[in-house]
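Chemist: Top line first, the protein sequences correspond to chains Y and R. Each residue of the first sequence is one higher than the one before, starting from 10 at the first, in the numbering used here. Each residue of the second sequence is one higher than the one before, starting from -3 at the first, in the numbering used here.
These are computed hints drawn from the structure, not numbers from a lab. Computed from a prediction, not measured in an experiment: that's the story for all the values here. Think of the CB as a built atom: it goes at the ideal place given N, C-alpha and C, for glycine as much as any other residue. Check the hints yourself; a few may be wrong.
[Unchecked claim] If you want a taste of the chain R side facing chain Y, the calculated C-beta under 7 angstroms gives, among others: (1) V40; (2) V41; (3) F302.
[What the hints assert, rightly or not] Simulated restraints, written as ranges between beta carbons of each label pair: (4) R110/R <-> Q149/Y: 55 to 63 angstroms; (5) Q149/Y <-> D269/R: 42 to 50 angstroms; (6) K152/Y <-> R67/R: 47 to 55 angstroms; (7) K106/R <-> L287/Y: 20 to 28 angstroms; (8) T242/Y <-> R110/R: 53 to 61 angstroms; (9) L370/R <-> Q149/Y: 29 to 37 angstroms.
[Claimed, not checked] So these bits of chain Y aren't anywhere near chain R, every CB distance computed over 12 angstroms: (10) H150; (11) L237; (12) G451; (13) S466.
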Amino acid sequence: MRMRSLLATVIVSTGMTGVSGAQVVKSLEVWPSEIKLSGPSASQRLVVVGVLTDGTRRDVTGEAKAESKSPGIVAIDGNGRLVPKGDGTGSAVVRVGNVEAKVAVAVSGSSIPRRVSFRHEVQPILTKLGCNMGACHGGQHGKGGFKLSLLGFEADPDHVAIVKSAEGRRVTPFAPEESLLLLKPTLAVAHGGGKRFETGSRDYEIIRLWLEEGAPPPDRAESDVIGLNVYPTARTLRPGDTQRLVVLAQLSDGTVRDVTDQAKYDALNEGVATVTPLGTAKVERQGETSVMVRYQGHAALARLTVPYSATKPFEWVAKNVIDDKAAAKWRELGLVPSPTCTDAEFLRRVMLDAIGTTPTPEEVETFLDDTDPNKRDKLVDRVLDRSEYVDFWTLKWGDLLRVNSENLGAQGMLAFNLWLRDAFRSNKPFDRMIDELVTAQGSIFTSGPANYFRVASNPEDLAETTAQLFMGVRLQCAKCHHHPFEAYGQDDYYGLAAYFARIRTKTSDEFGLFGQERVIFVSKTGEINQPRSGKRMIPRPLNAPPADDPIDRRRALARWLNDPKNPWTARNVVNRYWGYLMGSGLVNPIDDLRATNPPSNPELLDAMAAEFVKSGSDIRALLRLILKSRTYALSALPTPDNRLDTTFFTHYHLKRLTAEQLLDALNAATGTTEKFALRPEGTRSIALPDTTFKSYFLDTFGRPVRAIACECERGSDPNLSQALHLMNGEALNRKINAPEGRLAAWLKDKSIDDPSLVRKLYLVTFDRRPEPHETEIATRLIVEASARSQGAQDLFWGLLNSKEFLFNH
Amino acid sequence: MRLLGSWISLQIGFLLGFGTPLSAADAPPSYERDVRPILAKRCVVCHNVKEIEDPDVSGGLALDSFEALMRGTTKHKVVVAGKSAESELYSRLNETDEERRMPLSDVPIKPLQRDLIRRWIEAGAPRGTPTEVAGLTPSKPALRRVVRSLDLTLSLPAVPPNKSALEMRLKVGPIPGVTSLAFGNDGTTLAVGTYGQIAIWDVPKRELIRMIDDIPGPVLALAHSPDGKVLAAGAGLPSRSGVVRIINANDGSTIREFDGHRDVVSGLAFRPDGKRLVTGSYDATVRFWDLETGKASGVFKGHSDFVYDVAFWPDGKSVISSSKDRTVKRINADSATEMRTYGEHNEDVLAIAVRPDGTGFVSAGDEPSIRSWLPDADKSAKKVGVHGGPVQQLAFSRDGKRLVSASGDKSIRLFDGKTGAHLRPLLGPTEWQYAVAVSPDGRRVAGGGWDGVVRVWDPESAKLEAVLLQPPSISPGAPAWLAIAPDGEVKGASDLRSAVRWVVGGKEVKERPASPSKPK
């Protein structure tokens, strides 16, 4: 079977290369298909893709020859660009071999005198060449006395810095070539940033021309960039292929401009494809990535899909919409999913993922012996109704909402914790949770969600936290400068912050002075100004028209967050839960949703978000949807057909148990308990209301201190002290040898022989029965030890230190 | 696979090199063609004449000219012609010890380039044909030329009986900016510094007396000696050289030049006895010069960034300097050591002026409010915030009763020198103003800036007296100047005069509107 499939691959692949060598171009696809040249300096590059006789496509831009059919209207320059000759409409022909394609060209404004635009021509050069990046002149203090705005988002101050400051030191418009602005980047004068362009290059000439024109300032009446298009938008390629990209900027006056040479290119996954600074992508290996194109604060993506192999059929019975969408992606990429995991694996996995708890030996045996074909679905329903569900998800959201007695005092922390516990116990719809949090008022001792406004107390922090938690948008960059990858600037940031400008805190009359009780209330007045422009901001959600509320601004914000048309809220929560359960998000980092960080499977994310909205923002329903999918139940072991995949969930992602899961699992396995200060003996660590309870173990394994509202605060990276703590630490030995523990009791029980002891140890650690060969080896270990207790302890230690115990698989 | 690929390309390279020598390899490498580009790219950021006095950076070695390269350090040569093994220039590139290998803390120079340097030394280190590169010769002034005929538009104030403002246009732009101004002792002559030039004007006659046009780079500082006989000018090519020229004020001849600054000289001042000069520069140093012996008498390196302005205390014992490092410092003029730092500014300090009675000084810059200081105070005594943009220059009248300022908010303003109260703006400027000066008798104030236009006013009546222009010459060889009276009377080079167009009611007319009758 294995031999045959391998053989098939070989035949197919030789077949492919063999034929493609002889393939000829049958027809041409040209982008942009319709060309508009506006103004005397307009030009347009073309991308030409050849459709071969077998239907596959190849980038033939390099071989294509363009020819003007309307010489009075359009001409072709030395670099293959279309340039205007005179106003009117005409056409050009693109030819590869004897195949041709015709493109329509419309030229306007060709006879207007040429004026170099500081904003559209000079600044993009500085950005493209890296002059204004953070490490150079774009830094907080600039470099060498010359400071530009970071990535060139501020045209007016940049013009002043270049032209006016230091008594005009950097430019000499009456002798353009002598300008420091040209001498430094060509290294005619020593330059810490090295050579950036050549004398006489296109960039040099544009800057020189601008200087000749008297270095005019940015024209306020000039049109702005309102959007960006990249062509082709999506291509399926093979390793080794290249693809030329062309980028068009849409301007507010309705014209378009070819900015292929000025745009910046970044491949989002350089393992799959790389891209040159001039916009040619090259495929490295299989997978899928996008090339991010940036220009003047706008971004666009070109998706490059590189199938792992020719599509292979696989057997797949979808259980729900997740399985449909996941499988569609696999088929597109030539991937085959791993088989379904075993019942024991499924039981352990579901319990850890849904309630942070490992099954008892009895639960394992009962589940394994159950012959009900629907036992897995029933397990999911049962698990979600357990009390640990409240503990576990209160812990998770406690992290994100920063429920912490150090910030809130013990009463505030407990009030917040109890509100969360109630929300998860009653399965409060997520939109109601958002509403209660965002519009909370009152005493922080009695109103749990009011503590949201103590954790973050000023409008800026509240705007950042709200965007991060409920929209998965990281807005922090836009506090001080335009976001480098996104369309957000300071106006957007402070527009959102304006929702929180009227929140005030006072001490309560009853317990204020000594009890530290604070009351959150909404004042009648309060505004926020954008610090750079000094403008007072009206409350405005991101990418949306202003929205206000006569009683409490925050109610308008909550309505917008919960509006089904809001593009972020549902996607954010769905992606987070997918990430918690599946080991990584469809978007990663899982709280960084942006247009330039596309999901690995957009259709899957959209489908889940739609289901979530349809369910009435029901979190348990979302968990059921994922846990009952066949995709969730795939084995963690990769197969030869999907071993290269790390992105498309063809096999379950291994996860190290979190600090709390691990400590609880150790206690459950050894039959010991934990004592936390002021908590009853035996309190589960997932049930702790905050993270201030002293525990060296929990801190070592990455328990967050709840200082920031980022998923990244919880550490999952391995480190040496974790290894030492488990392997050599006293803590683990004490638990194994505890007189009240499981092992001590089993050793005393004369009815338990060695194989039974082995079976029990496997059941409490790996949550499965041992295989016969495992029983045999493990029994021998006990028999051959100097003492039976010694051998059993060693085996227990070994099992607890093995990956099968430490990981959720 | 990769290994195989590079092995093949090595083989090909070897075969080509052996069988068919490329023409470039025929001629031995030369400094100008082959070596200089490598040094320029990888070495001269540290090893340059600007840094030569700072051994921590340059190690006392400059590599930015052929002469400096062949000279080596003060201790030894780094190029021994014909012997690459003995040449440190080459051996340092191949060091395995990262502490010694050049470029320090950077990726090594590529093997092919290293070999080129080795072959160049072995060939006897020939210079080759120098290629003219803009800016690499520190003393060469940049050429000013009419690049484009950009319109310069000037509005003149309403003068009776026309009672309407006049507008004139002239296709001469762009004109170099006015970066320094200084009145002569008589209060009628005005020295104007622009890029490469100093023009000496007779203001009441509205005529050019003299043009000094062989100065490298922008003239950022001008000052007359207390006796009025000497004019000192600070200039230089940005990032390359600093020039201090001492000029005979009577005939414009050069008395001497002081060499020492490595970037443009941005401020200068005479000691009240006229025997010493202090200069500040974008090279971050303050230097003292003895005008009698013609020698440097001290250097102060306490600033960490551009020095913008310097001024002597009236007793001649100390100097005040201001800098991009956001500080003002008081320096002992004899020992060139720091006396104290005034650290209240949060942005560049572009301008300072000391009160003529020695009771204090004022400072301003990118933060536009003007701060008034007592000499021993830790904090400024007063802040006057009138300007809406960077303050570029400040000057007191000789009696201390008036203070004037030039600002990036496109204004020249007059203040009460004692109280700091804002009296009035002097109207006219439409561009960023860089320079301002008061005549010794206090009867004239001159201001100028980025658009190259100088305006002279009577500060008390705020009336405009003259507009002075030094555009690039339309006809080469002829001195190019224009002086315009408030009523529109134009004097100057005939070709420029004839190019003037007048605008009345939005329409261009060839002739100046009927000359108003002159007031008595």
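Chemist: Each of the hints needs a verdict: does it hold here or not?
Modeler: Each hint, compared with the structure:
1. The closest approach between the C-beta of V40/R and any C-beta of chain Y is roughly 5 angstroms, which is under the 7 angstroms cut-off, so the hint is satisfied.
2. A distance limit of 7 angstroms between C-beta atoms decides the matter here; for V41/R the minimum to chain Y is near 5 angstroms, and the interface restraint holds.
3. The interface hint given for F302/R is met, as the beta carbon of that residue sits about 5 angstroms from the closest beta carbon of chain Y, less than 7 angstroms.
4. Distance hint check for R110/R and Q149/Y: the Cβ-Cβ separation is about 37 angstroms, which falls outside the suggested range of 55 to 63 angstroms.
5. Range check, Q149/Y to D269/R: Cβ separation about 45 angstroms, and the 42 to 50 angstroms hint holds.
6. Hint check: K152/Y to R67/R, Cβ distance near 30 angstroms, so the stated range 47 to 55 angstroms is violated.
7. Separated by about 23 angstroms at the C-beta atoms, K106/R and L287/Y satisfy the suggested range of 20 to 28 angstroms.
8. Evaluation of the 53 to 61 angstroms hint for T242/Y and R110/R yields a failure: the beta carbon distance comes to about 46 angstroms.
9. Separated by about 33 angstroms at the C-beta atoms, L370/R and Q149/Y satisfy the suggested range of 29 to 37 angstroms.
10. Non-interface call for H150/Y relative to chain R: violated, since the shortest CB-CB distance, roughly 10 angstroms, does not exceed 12 angstroms.
11. Against chain R, the non-interface label of L237/Y holds: every CB pair exceeds 12 angstroms, the least being about 33 angstroms.
12. At roughly 42 angstroms, the least C-beta separation between G451/Y and chain R is larger than 12 angstroms, which holds for a residue marked as non-interface.
13. Distance check on S466/Y: its Cβ is at least 27 angstroms (rounded) from any Cβ of chain R, clearing the 12 angstroms threshold; non-interface status holds.
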